[in-house]
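Participant: Okay, here's what each chain looks like letter by letter:
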Amino acid sequence: MYRLRAKRFAMGLAVLTAAMGLLLSGTQSVAATFRAVPSADVKYLDPHFTTADITLTYSYLVYDTLFGLDAKGEPQPQMVDKYDVSPDRLTYTFTLRKGLQWHDGKPVTSKDVVASLKRWGSKDSAGQRLLARTVSLEAVNDATFRLKLKEPYGLVLRSLAKPYSYIPFILPERHATQSADKPFEGDPVGSGPYTFSKAEWVPGSKMIFHKFKDYVPRSEPASGTAGAKNVYVDQVEWVIIPDPATAAAALDRGEVDYLEVPFKDLLDQMRADPRMHVFPAARYYRTIHPNKLIPPFDNVKARQALAYLVSVPDILRAVAGDPKNWEACYKFLGCSGWLSDVDEIPGLRGQDYEKAAQLMREAGYKGEKVVLMGATEMQANYAISVTLASQIRKAGINVDFQTMDWGTLVSRRGIKEAPGPGNPGGWHIFTTGAGTTPAEDPWGYADIQTTCEKAWYGWSCSPKTTADLEQLGKDVGTPRFKESARRYHADLNEYLPYIPVGVYNAYRVYRKDVVSGIIENEYSLYWNIRKSK
Amino acid sequence: MIAYLVRRILAVIPVMGIVVVIVFVLIRVSPGDPAAIIAGDYATPEAVQKIRVAMGLDKPIYTQFWIYLNDLAHGRLGTSLHSGLPVIRLIGQRAEVTAVLAFLTLLFSVLMAVPLGILAGWKRGTWIDQSAMVFAVVGFSMPTFWLGFLLIKVFSINLHWLPVQGYRSPTEGLWPFIAHLILPVFGLAVGYMALLARITRATVIDVLNSDYIRTAYAKGATHRTVLFIHALKNAAVPVVTTVGVGLALLLSGAVITESVFALPGLGRLTVDAVLQRDYTIIQGVTLIFSFVYVVINLLIDLSYTFFDPRIRY
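Chains Y and R supply the protein sequences, listed in that same order. Every number in my numbering is 227 more than the matching position in the first sequence, counting from 1. Every number in my numbering is 4 more than the matching position in the second sequence, counting from 1.
Just chain Y, same shape as in the assembly (with noise of 0.2 Å):
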């Protein structure tokens, strides 16, 4: 009896420790899990409907895309297995690569490509440049489609390689011949290279991307957003840290792999720790928006007085500190694209107030207050702002500094109308910005854009710049090319849409010890990883 007592004694306190062992130890995690600290938490899951970054970089982990852009920014299919162009260049006629298929298991067919290319055409300004010039675009079959133009077109593969704002990404045909101007209803359901389940999700918090098995890579070597899209991990987990230094202690501590926005203060020390690798992973555009419907700055003299009264330099010092962080650009479209060789905006280079004053002055300008709109949580935005506040007045510019959070000013910026007694959200001038792809393609970047009440908020209105554009647009791949490129930029100079002050790196940081492959992108790109333990 003792006996019997003392053995069940012994089997309930073996079972007794290894609960406790179980429940104290936790549950195992996945072991090849890739976490990254995201630059933000997703919103929304439709590539098409919104042309936030974060869905943007989410949709390449779970969508795909017809072409990708490699890493010297050519076109190289991507979905598509072999393409054909007619000899006039009026028809495009596409095949599709086998084994493409959704997460569903269900294959992907040309129609769920035309139905995708006609909702992102619906919203994009590239995809609109494009089907405004399309006569038709037909599923052929099941893995042929084919595009018909009303007259050559330079951009019709750049444009299917799009890899900013709103992208060319095929979603089954069932979500894409919904509108864009909600986001599709179900469950996302795409043919990228990761699954992505919606009941994990915990917005704010987390999202987990697992390997599709299903997915068949390219055989080409990854290159930018083209090339294979080998996935080596078997998840990745977006981990939502706001506070960028837990973020950066949390990397230190190897519970996340990979920072997006790693904190800027921490860099240098980042840099000497020889298990982290620091890159620079983009380059970002800054841009200060005057509003051309109202004065002062409805006069080309106003902003003419803008680029003579900033300091680049200064400007990207507030921004990004150290000289190696930033370049002094010039120019409109940036000073390393492919259409970079144009001539620089008058006035920008060297900082001349008493110009400025004289130009303010010619465009009537009697001292009215000036209202410059800065976002307070936006880092960048508003070291330029405090920056651009400081030089307007050295100008003698009665300015008018109002801070605010960032939802404000996207409200505020969309009111046309003059500030003042009834108007008090009215403003005249705030600061954005864009990565070097986006701002470096003029058929693609809202801002640039020229097209009046059509134009982005500022309001640019100059139909020969526009009409220079489209000429652009169509010399691309012809001799015609550079001269077209010249030309509108002179319109770009004279008209002057928005003032452009130079770019700075975004930097991004991984543990080199336990991570490789990583592409060194514009945006994250979450194949070709690997995780060593």
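Keep in mind the hints are simulated off the structure, nothing from the lab. Hints may be right or wrong, so weigh each one.
What the hints assert, rightly or not - Facing chain Y, according to a computed beta carbon distance under 10 Å, are these residues of chain R, among others:
#, residue
1, 46
2, 53
3, 59
4, 82
5, 85
Positions of the beta carbon are idealized from the N, C-alpha and C atoms, including for glycine.
Fit chain R to the known structure of chain Y by using the hints.
Facilitator: Okay, now just chain R, sitting in the frame of chain Y:
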């Protein structure tokens, strides 16, 4: 007592009604446009307007209010303007974290601060009292975010004892659950402990100077009897009030701690919703918080009758 209880419960209805109206109106007259935020930075004004129409944000405010009331009448808090997920699900996902954080912080604070305050009050003017009050001043003066980072630096980065961030549910294991909460609870509790210790000390000193305490001493009661039998129960009313109000404040005020330690709680949900102008989440969370406040206040009022027999409802 029952009549009082019924009266108080019935009073919840107009209170919640007023909250619904005020919150609905305030967030809509505040600057900010959810459609502009949803559309993203590269979207044209035309695209923003299309989203505004599609989401019904272009409708007159009274129409929007009617739709909201209709949803509430059917027990629906609506769906997030941004993620499209039901607000009740979002709140449910976050409520556990905030409730656990607030409860453990409160428990830890009460267990530490009340005895400390009693001791300080009882030993008034001694080194114990002075040390306790130095702790209270320091604890109250330390910004929560600064203390949070300090704790992470020492216990996570230098000593490798505890994780930096995140939350683990008890179902993922007891130790991961506890380990992820030690630093946030301590970081949040310090300021609250300081407040509670000071109030407890002041109340105990006040009670110990009362006539009935002198009477008890005159009748030959010992220090221990006076303190534990006569003083503490009478000193409890202000302390319970502070604890109750503190719980309500902790529920909604843990946002800094939640941000520093990346805890997915209700505080962060609310702040994100405000920054994103996610009207339905703001409305839903405010409604829930208001209800919790009302209930906590009711419970505090009812608890007075236990501590002080002179109070009758």
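Participant: State for each hint whether it applies.
Facilitator: Evaluated hints:
| no. | hint | in the structure |
| --- | --- | --- |
| 1 | 46 | holds (4 Å) |
| 2 | 53 | holds (9 Å) |
| 3 | 59 | holds (7 Å) |
| 4 | 82 | violated (15 Å) |
| 5 | 85 | holds (9 Å) |
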